[in-house]
Each structure stands twice: as C-alpha cells, then as structure tokens.
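Undergrad: Given only the sequences and the hints, what does the whole structure look like? Please build it.
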Amino acid sequence: MSQVKQNDTVKVHYTGKLADGQVFDSSLEREPIEFTMGQGQLIPGFEKGLLDMKVNEKKTINIPSEEAYGAPRQELVQEVEKSQLPEEIKPEVGMGLVSKSPDGREMNLVVTEVKEDTIVVDGNHPLAGKDLVFDLEVVEIK
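With the first letter of the sequence shown counted as 1, position 1 gets the number 1 in full-length UniProt numbering; the numbers rise by one all the way through.
Any given hint might turn out to be false.
Stated by the list, open to error - Simulated crosslink set (BS3-like; lysine-lysine; CA at most 25 Å straight-line):
id, residue 1, residue 2
1, Lys90, Lys5
2, Lys17, Lys54
3, Lys11, Lys48
4, Lys130, Lys58
5, Lys59, Lys142
6, Lys115, Lys90
7, Lys11, Lys58
8, Lys115, Lys48
9, Lys58, Lys48
10, Lys59, Lys48
11, Lys58, Lys82
12, Lys5, Lys54
13, Lys17, Lys130
14, Lys17, Lys59
15, Lys115, Lys82
16, Lys115, Lys100
17, Lys54, Lys11
18, Lys48, Lys5
19, Lys5, Lys142
20, Lys5, Lys59
21, Lys130, Lys48
22, Lys90, Lys100
23, Lys100, Lys11
As the list claims (entries may be wrong) - Each pair of labels, with its calculated beta carbon distance range:
id, residue 1, residue 2, range
24, Arg73, Gln41, 51 to 61 Å
25, Lys82, Ser2, 16 to 26 Å
26, Glu29, Ala71, 47 to 57 Å
27, Gln41, Asp131, 16 to 26 Å
28, Gly104, Gln74, 22 to 32 Å
29, Pro102, Pro44, 23 to 33 Å
Hints listed in this document are in silico derivations from the structure and should not be mistaken for laboratory results.
Here the structure is a predicted model, which means the values were calculated and not measured.
Ideal placement from N, C-alpha and C gives every residue a C-beta, glycine not left out.
TA: And the structure:
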C-alpha cells in the first residue's frame with residue numbers, strides 16, 4: 001500500500017485545534033483539502049505529519065508554533081492615525097481591516113487598541129505564536 005511522500009497529491013480530512021482543545025478549523029463538514037506535498041501550500045508541520053501515512057490512516061499530530069505560523073512579529077504591530085482611515089469606518093477592538101501596500105499586496109489587520117487619535121493594528125496571523133494540534137485522516141493519495 002502506498003504511503004504519502006514528497007510531490008504526492010493528497011486528499012486529507014483534518015480538524016485543527018489549539019493546545020486547550022478549542023477547534024479553529026475542520027474539513028469534516030465539507031470536502032477534504034487536496035494539495036501537493038512539498039510545494040509550501042500548507043504549514044511545514046502539517047506536511048511533515050502526513051509523510052508516510054497510508055490511505056484511511058488516522059493520527060493526531062502536535063505542531064509547535066515554529067512549524068506552524070511562527071512567533072508573532074512586533075514589526076507587524078503598528079499605530080495608525082485615525083485620519084488615515086476612510087471616514088465611514090468606526091474602529092473597534094477586534095475589527096478586521098485590509099491594508100494595501102504600494103505594490104498592491106493586501107494585508108489583513110486586526111484592531112487591537114483604539115485611542116483618541118490613533119488605532120493599533122496587528123498584521124500577525126491570528127495563530128502566530130500558538131502550538132497547534134491536528135487530527136488527520138488521509139482520504140486519497142494520487
């Protein structure tokens with residue numbers, strides 16, 4: 001029976017959880033994800049955990065933050081003048097914003113603090129700095 005290896009295209013069902021058991025994502029209520037191993041489409045620890053698994057095999061893997069979304073980066077936290085926001089936006093803590101860089105790339109930001117004349121926004125991935133747990137099931141290997 002074949003096992004998952006680099007460059008295989010695989011279909012996988014997964015449930016992603018934080019260390020405290022809180023589920024942040026799952027494919028169980030929808031189609032399994034399909035991707036090609038070794039192309040950097042998923043976090044490194046996820047792909048590493050799938051290596052050598054067989055079709056219909058299930059396992060739980062623990063992924064340290066370094067092999068997931070990395071540590072939060074302080075340079076992605078910035079204070080912005082409220083005057084730079086569109087007039088119709090009334091910022092609130094937890095609100096998501098999208099910023100466009102001069103070269104056209106979009107960056108998702110979350111408002112973490114609202115002050116009198118400024119807001120503080122965080123561009124880190126919401127799971128940065130967190131260790132993750134995934135329940136995996138290989139559905140297909142191509």
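Undergrad: Next, verify each hint and record whether it holds.
TA: These are the hints, each one checked on the structure:
no., hint, verdict
1, Lys90 to Lys5, "violated, 49 Å"
2, Lys17 to Lys54, "holds, 22 Å"
3, Lys11 to Lys48, "holds, 15 Å"
4, Lys130 to Lys58, "holds, 23 Å"
5, Lys59 to Lys142, "holds, 20 Å"
6, Lys115 to Lys90, "holds, 12 Å"
7, Lys11 to Lys58, "holds, 13 Å"
8, Lys115 to Lys48, "violated, 43 Å"
9, Lys58 to Lys48, "holds, 14 Å"
10, Lys59 to Lys48, "holds, 13 Å"
11, Lys58 to Lys82, "violated, 49 Å"
12, Lys5 to Lys54, "holds, 10 Å"
13, Lys17 to Lys130, "holds, 10 Å"
14, Lys17 to Lys59, "holds, 14 Å"
15, Lys115 to Lys82, "holds, 9 Å"
16, Lys115 to Lys100, "holds, 23 Å"
17, Lys54 to Lys11, "holds, 11 Å"
18, Lys48 to Lys5, "holds, 10 Å"
19, Lys5 to Lys142, "holds, 10 Å"
20, Lys5 to Lys59, "holds, 16 Å"
21, Lys130 to Lys48, "holds, 18 Å"
22, Lys90 to Lys100, "holds, 19 Å"
23, Lys100 to Lys11, "violated, 33 Å"
24, Arg73 to Gln41: 51 to 61 Å, "violated, 22 Å"
25, Lys82 to Ser2: 16 to 26 Å, "violated, 57 Å"
26, Glu29 to Ala71: 47 to 57 Å, "violated, 31 Å"
27, Gln41 to Asp131: 16 to 26 Å, "holds, 21 Å"
28, Gly104 to Gln74: 22 to 32 Å, "holds, 25 Å"
29, Pro102 to Pro44: 23 to 33 Å, "holds, 30 Å"
Violation of the numbered hints given earlier is confined to hints 1, 8, 11, 23, 24, 25, 26; the remaining hints are satisfied by the structure.
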